[in-house]
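**Q** Protein chains in written order, with the numbering used here: chain V, 1 to 745; chain G, 1 to 393.
The hints are simulated quantities; they were obtained by calculation from the structure and are not laboratory data. Note that the Cβ used here is the ideal one computed from N, Cα and C, for glycine as well. Each hint should be verified, as a subset may be incorrect.
To be verified - Partial pick of chain V residues on the chain G-facing surface, computed with a CB cut under 7 Å: (1) 33; (2) 42; (3) 236; (4) 242; (5) 246.
Claimed, not checked - Cβ-Cβ distance ranges computed for the label pairs, FRET-style: (6) 35(G) <-> 230(V): 37 to 47 Å; (7) 268(G) <-> 245(V): 19 to 29 Å; (8) 23(V) <-> 94(G): 32 to 42 Å; (9) 213(G) <-> 25(V): 29 to 39 Å; (10) 24(G) <-> 245(V): 43 to 53 Å; (11) 95(G) <-> 50(V): 55 to 65 Å; (12) 109(V) <-> 134(G): 50 to 60 Å; (13) 47(G) <-> 91(V): 26 to 36 Å; (14) 23(V) <-> 213(G): 40 to 50 Å.
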Amino acid sequence: MDIAAPRVRLRLIGIVAISLFVAMFARLWFVQVVDAETYQADAVANIRRKVATPAPRGRIIDAVGRVLVENRLTNVLVINRQDFRRARLSDKEAQAMFVRLAREINRAGGLVKADDLAAAADNNNFTDLERIPISWDVPDDLLVVVGERPDEFPGMAVVQQAVRTYPYGNIGAHVIGYVGAITGGELERSKASWEARDEENPKPYRRRDEIGKTGIELLFEDQLRGTPGQRVFEVDNVGNIVRELVEERREPVPGNDIVLTIDIDVQALAEDELAESLREARKQEPDPGEPQFAAPAGSTVIVDPRNGQVLAMASYPTFEPADLIDGVSADEWKQLNDKANNSPILNRAIQSTYSPGSTWKLVTSYAAFLDNIYGAGNVPSIGQTIPDESAYILQDCDEESGSCRFQNAGDTILVGINLVQSLAVSSDTYYYRIGEAFARRGSSPEEHAENPDGLVNKDGIQETAKLFGFGRKLGIELPNEKAGLVPTAELKQQRHDANPEAFPFARWFVGDNVNLAIGQGDVGVTPLQLANAYATWANGGTLRAPSVVGQIVGPDGEVIQDFGPRVLSSFEIDPEHYGPITDGLIGVTHQGPPQQGTAYPAFHSADGVPFPLADFPVAAKTGTAEVNDKADTSIFAAYGPVARPEIGLVDVEPRYAVAAILEQAGFGSRVAAPMVARIMLALANGEVPPAVTADERTAAYLAQLDPDPALLDLLPDDAVLATTIPPGAAADDPAEADADPVGEG
Amino acid sequence: MALAPSRSQVYRRDRPVLWQHIDVGVITMVLGITAIGVLMVFSATRGPATELEPANTSFLVRQIVFAVLGFALMGAVAAFDYRKLRALSPVLYGGLLAALAPLTFLAVSGAAENLFFAPEVNGIRAWYRLAGAQLQPAEFGKVVVIVALAAFLSSTADIDMRRLLLGLALVAVPVGFIYLQPDLGTILVFIAITGGMVVVSGVRPRHLVVVLVLLGLLVGAGLASNQLKAYQLARFTAFLDESPEDQLAIGARENVEQAQIAIGNGGLTGTGLFQGTQTRSELVPEQQTDFIFSVVAEELGFIGSASLLLLFGLLLLRIWRIAHLAADTFGLLICAGVFSMLLFHIFQSVGMTLGIMPVTGIPLPFVSYGGSSMLTMFAGLGLVLSVHMHRFS
């Protein structure tokens, strides 16, 4: 064979080789140079996994710096499924491990079931990169047991995690609110996924995140919520962590603290007094045929008239925020919201509206000044006295509205009633006349606008109510505030037009005005509005938006925002008007027998500490609102200390305006007034007892069970037992409940 | 006056004449390629290399050992006069069949998977386990077949149809054994070697057509039969199907896509040695063996991977030149065989990671981790060097 032929043929495979190399170079150039960016983007997505690190939520602090809500570190048993799988346990071995784990927890004093642990470990809401909580509040012993025996408990760890804790238990629960896991709807509304986070939206929500549900926790969610950190891991083809990209790690930033205007001691006092007064009210015997004093619910609010700050805001019944941290079950939810159960979640101070009853007379009496009603028509002029025969028959009554005869709440006959006395002893007939006068003499708003001084405004009472902040949301920093209702002829017409069956009458009757004049009928106010209205009168006409939040403070202690007083509107009070009305309000508490002020007994209780009216004069008004088929609402509004130049007390200005509304509890003078008197007594004397912390409550409860003090010393500082004690257990001490009610009369 | 011997005279006298004709080009290229390979195997196998878990060096050490052994083997083979192999070729060929037969028998009879001396790996029974090392007779078989086929094709001046068919049969017997094991990649290498050598041997063009038709039928029949493993077929077809539906094919497609992401991630300059994120995350399967080129491309970039290809190209050029200079047809055909073997290995291994060839696992010569492949490739180069060095003797 001639070697020449193969040499020629060699060229063939040379050409093949060259073409194959050209193909490889071309493809390589395409992948690595032309299309590199696409592949590089894929490469990054391939290997990076972002994991969020939770940030501690901000605290909620009272006006004096006491922490009301903070984060407690608790032991959480977690599982890392990646490590767990590496151990390659058979199903049987895995089950045995969970049984061992449950046994260890139970031995150390916890209470779990092995099946629950296994189920929690299977939670599909978590990725394998996360530490999945499978048991909360596990005893400290587990730190050692699990930590030192990794072979026995593969993938398990006990980590410390922050959870919401409430040093003062349920005190202030309605203001504080509660937190819980974010729901699908809330997540949807937050409109930002974790991946889409950016400068403008640095802390979007993810599933399982904690979110405020009510109260401050809800309204200041953005401030309280910390900015989660992130850790970026490089993972391999099966998701195992190869390394952490440390340069991309972002540390979590704790949320801001919210400093309230609430003083927790005052708050605790208000809550205790409210619960106690309702309990006492239930013991009253109704007159034959009258409804029972069920006294199921109530609210009291204390506002500082000088700046609108809310010192206390109590609502009864209440709830335990600590019980709701780990989620609200359907039963709990029903329990909290059920009307039959008096909706404990409801913050009655801002979310319930009531007829203000005679406390409304502040508005009516002032309206009568503004529209020159005194001395007009059937209304006596200032200084003129009339008898109150406990009933009044409207003039020229057409009977269409159903009634022309209006009856006082009681049938007591009062004498020498002028403006001051009408307030001090609460004469209704005096105000029937004013209401009637507004209806009969009032001109339309248009006519009134043309001649404001000459003509009476038909809506004079309603217009004046606006000055005091009724019928509108006051803008307190709490969610779901109600506006209440100040009825007008227009409104009545509108409601009739919208729903003729529910509102059969379109016309505004004289009787409507008469009812309005004494705070009955459709008029609805919240306890906060009532307190704030009296604060407005007390400070001389400045209507402020009440506030519960004083400051927002950053995690480093720097004040981020300082909430000053917010003035909504103001009006100048003519001393000619201010004098008689205030005298009337002072008379309510000061005027003794024979015709005593309605709250005179409450402030002159025979037993107990005498109220220092000389140093701390209280101006007030009782109210008793009628409710269909139910016992009366017991109402009281007061403020003090009020200056009384006539006794030489000039250097004071009112620091407290208090309103109390107790449902189905009877006369304002009997229930609400004594309660407010007790609260104001403590405030006046500077003797507000310190609020009882949850730990102290636990200790007291335990001491009741077993009075051996040595045992108490053995209790850990953060005794978990607190949550297992029924709310108010300590206060339900029978010895305490038998104590004589104070200020009855 | 006695003249001192010139420096060159001393030099010449001290060195054996044989090594004077060694091809430095081949040595340089192969050393460069092997060095890159050792580094890349280390990069592919060192693991995350954290403080807690130091880099895994076991693959590195073994690859270095393989390379040193291979280099020594190349030297030994080069020193041996290739012409003596003509007489030895029946012995070598017989030895190959004797080594393949037991594995084939075990594969066909379906013996225990974990048989200690001949375990089954990925459904293939192609390895012997000897004193801790795994030997793959089919690997060495490539070189044996090159020698045997070269000896057969160069023994007569003219290659007629009968001779051609006999030559093909010579290859078909060991290929048949391997087919039953079944090792698809290796079979393709044999086909490539045979094709290259037959073309170069001077077979008449019309006979070549016959060979091509025969090969086509054979491949068709092979693919149609149930002999090949499902995953082998799936990988093979995945190359053609952009969005396969079969699970196995999807897996194969994903492998190729991951390899291309790694390669693309390298870009022009690469991520840097040991810095390849895809490599570090072991996202590409078999990255230290069949897919090693993705590691090179990711960490060294286009510049590095193209340089590696360039080194391969230059190595092939040297081999091609040695074939051209060969003293006889036997030597020339040996070189053509080794050339074809290397070319196919390179194109298949690189082409697979680049997505221009089907997925079937064969190593990238001198780069992929593995002793059998390393020794085979060095032995092949040794043959080429021998042809070069003995061309004047």
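**Q** Take the hints in turn and mark each one as holding or not.
**A** Going through the hints against the structure:
The interface hint given for residue 33(V) is met, as the beta carbon of that residue sits about 6 Å from the closest beta carbon of chain G, less than 7 Å. With a least beta-carbon distance of about 5 Å to chain G, the hint placing residue 42(V) at the interface is held under the 7 Å criterion. For the restraint placing residue 236(V) at the interface with chain G, the shortest Cβ-Cβ distance is roughly 4 Å, inside the 7 Å limit, so the hint holds. The beta carbon of residue 242(V) is positioned within 7 Å of a beta carbon in chain G (closest approach about 5 Å), and the interface hint is therefore held.
This hint is violated: residue 246(V) has a C-beta 12 Å from the nearest C-beta of chain G, more than the 7 Å allowed. For the hinted restraint 37 to 47 Å between residue 35(G) and residue 230(V), the CB-CB distance of approximately 41 Å keeps it satisfied. At about 23 Å, the beta-carbon gap between residue 268(G) and residue 245(V) stays in the expected band of 19 to 29 Å. Between residue 23(V) and residue 94(G) the beta carbons are some 39 Å apart, a value that agrees with the proposed interval 32 to 42 Å.
Separation of residue 213(G) from residue 25(V) is about 32 Å and conforms to the stated range, judged on CB atoms against 29 to 39 Å. For the pair residue 24(G) and residue 245(V), the supplied restraint of 43 to 53 Å holds, since their beta-carbon distance comes to about 46 Å. Separation of residue 95(G) from residue 50(V) is about 59 Å and conforms to the stated range, judged on CB atoms against 55 to 65 Å. With their beta carbons about 57 Å apart, residue 109(V) and residue 134(G) fall inside the hinted range of 50 to 60 Å.
The hinted range of 26 to 36 Å is satisfied by residue 47(G) and residue 91(V), whose Cβ atoms lie roughly 30 Å apart. In this structure the supplied range 40 to 50 Å is violated for residue 23(V) paired with residue 213(G), their Cβ-Cβ distance being about 25 Å.
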